[in-house]
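Let the hints inform the model, and build the full structure from the sequences given.
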Amino acid sequence: MNKKTLNTLLVGAVAATALGASAAQAGPAEGNEKCYGVVKAGMNGCGAADGSHGCAGMATEDASGVEWVSVPKGLCEKLAHGSTTPVTAEDHGEEH
Amino acid sequence: MPLNEFQKDFKGIMLRPLSQVDEAASQFKDNFVNDHIPVNERLKIYHNNVLGSLSKNILTTYPLLEALVGENFLKTLAREFVMENPPQSACLHYYGEEFDIFLKKHASTQSMPYLSDVATLEWALHKAYHAADDSPMSTDDFSAIEPDSLADTTLTLRGSLSLIASPYPLQAIRDMCLKKTEDAPDMTIDHNTRIMVWRQKLEVNILPLEDDEFMMLSEIKKDKSLGEAVENTLNAYPDFDFAAFLKKNIIFETFSKAHSNN
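If you read the protein sequences in the order shown, they are chains A and B. Going by the numbering used here, the first residue of the first sequence is number 134, and it counts up by one from there. Going by the numbering used here, the first residue of the second sequence is number 1279, and it counts up by one from there.
Please keep in mind that the hints were generated in silico from the structure rather than gathered at the bench. Owing to the predicted nature of the structure, the values given are computational and were not obtained by experimental measurement. Heads up, some of the hints might be wrong.
[To be verified] Pair ranges (Cβ atoms, derived): (1) B:V1311 with A:L208: 52 to 58 Å; (2) A:H214 with B:P1364: 37 to 43 Å; (3) A:G145 with B:C1369: 42 to 48 Å; (4) A:A213 with B:K1382: 16 to 22 Å; (5) B:D1517 with A:E166: 40 to 46 Å; (6) A:T193 with B:Q1298: 45 to 51 Å; (7) B:Y1324 with A:T217: 52 to 58 Å; (8) A:P205 with B:A1410: 20 to 26 Å; (9) A:H214 with B:N1309: 46 to 52 Å; (10) A:P205 with B:K1535: 25 to 31 Å; (11) A:A149 with B:P1391: 40 to 46 Å; (12) A:A213 with B:S1421: 46 to 52 Å; (13) A:K173 with B:K1322: 28 to 34 Å; (14) B:G1437 with A:T217: 25 to 31 Å.
Using N, Cα and C, we set each Cβ at its ideal position, and we do this for glycine too.
Written out as C-alpha cells, the structure reads:
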C-alpha cells in the first residue's frame, strides 16, 4: 500500500469517527457511585474515607462505614446500611 | 555483624523451607535473644508471618485460581512462589505478577495447563483495578491530529489495559468460578481466546476481540506508528476495517494519548 492510499484511509477513518461520535457519547454520563457501609472486608475500593489506609482491598472489617465499593447508581440506597456518603462510628447508633 | 549482612542472612532464612530454619538459626545465636524461647523458635515466628502474609496476598489476588484448585493447594503453591520470588517493592499491589509463569513451569500443575492463563487474566483484572487514572482520547483528540502526520503518530493504550491471547475459554472458566454457570467448558479444543481487559471509570471490563482487532491493538502496544500498524494488520487480515476499529475503541476509551513523531 502506498503512503497516499494509507493516509487517505487513516484520515477518512478519523473523519468518519467524528461524524458518528455525538450519538455514541450521549449515553448516561456516570453509571456508578461509591457506596459506603456495605462492603465485605478485603473487597473495598481504593482508600478509606477516614484516611486509615489508601489502598483497595485493605478494609479489615465487614460493612465498615468508611469503606466503599463502586455500584450502579441508585442501587446503594436500596441496600441495608448503604450510604453514598461515609458513615462515621457515631452515626451508627449501635455497635455491631 | 554489619546491618546489611544481617538483613541479607535474615532474608535468606525467611525464604527457605521451614525444615531448614532450625539449622540456619544457629548463626543468629549472637544476634537474637536466646532464652527460654530458643532462637530457632523465634525465627520460625518471623518465618511463618513472612510466608503467611505474602502468600495470603497471592491468594487474594487470584480468587479464580482458588476456586479452581482449592485453598490448600493454592496456598502451597503460593508459599513456594513467595520463596522463589520475594517482593521487589514495598507496595504489595505490584506483587505476584509472575505467578502465571511460575504456574506454567510447576510440575504439579502440568495436568491443568489452563491455570497459567487464568492467572494471566486475574493479574490483568488486578492491574486494571489498581491502575492510575488516565483520561481517554476523544473524537476531538483524534480530529486535532494533523492529517498529514496521522500515519506517523503512535498511540498510547490506557494504563489499565491488557491484551490476552489463550487457547482456553477464559471467560467461561471465570463464569464457572464465579458460579454464574454450572457448565464446565470444553478444555480439549482450541478456543482461540482474544480478549482485552481494561477499566472505564470504576468498572473493569473484559471484551472479546476479533483476531484483526487484537493484532491492531498489539501493534499499537508495540509502539508501531498508526500507518505501520494498519499496514501490518491489513497484510495479515485483508478485511480489517480501521474506521470501525477506531470508532469502537473511542467508545470503549482504549487510548490515552497520541504522540506525533514528526
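Here's how the hints hold up against the structure:
1. B:V1311 with A:L208: 52 to 58 Å: Holds, since B:V1311 and A:L208 (Cβ atoms, about 55 Å apart) stay within the stated range.
2. A:H214 with B:P1364: 37 to 43 Å: holds (39 Å)
3. A:G145 with B:C1369: 42 to 48 Å: This hint holds: roughly 45 Å between Cβ atoms.
4. A:A213 with B:K1382: 16 to 22 Å: violated (44 Å)
5. B:D1517 with A:E166: 40 to 46 Å: Between B:D1517 and A:E166, where Cβ atoms are some 42 Å apart, the hint holds.
6. A:T193 with B:Q1298: 45 to 51 Å: violated (33 Å)
7. B:Y1324 with A:T217: 52 to 58 Å: violated (43 Å)
8. A:P205 with B:A1410: 20 to 26 Å: This hint holds: roughly 24 Å between Cβ atoms.
9. A:H214 with B:N1309: 46 to 52 Å: holds (50 Å)
10. A:P205 with B:K1535: 25 to 31 Å: holds (29 Å)
11. A:A149 with B:P1391: 40 to 46 Å: Given a distance of about 43 Å, which is inside 40 to 46 Å, the answer is holds.
12. A:A213 with B:S1421: 46 to 52 Å: At 48 Å between Cβs, range holds.
13. A:K173 with B:K1322: 28 to 34 Å: With Cβ atoms ~32 Å apart, the hint holds.
14. B:G1437 with A:T217: 25 to 31 Å: holds (27 Å)
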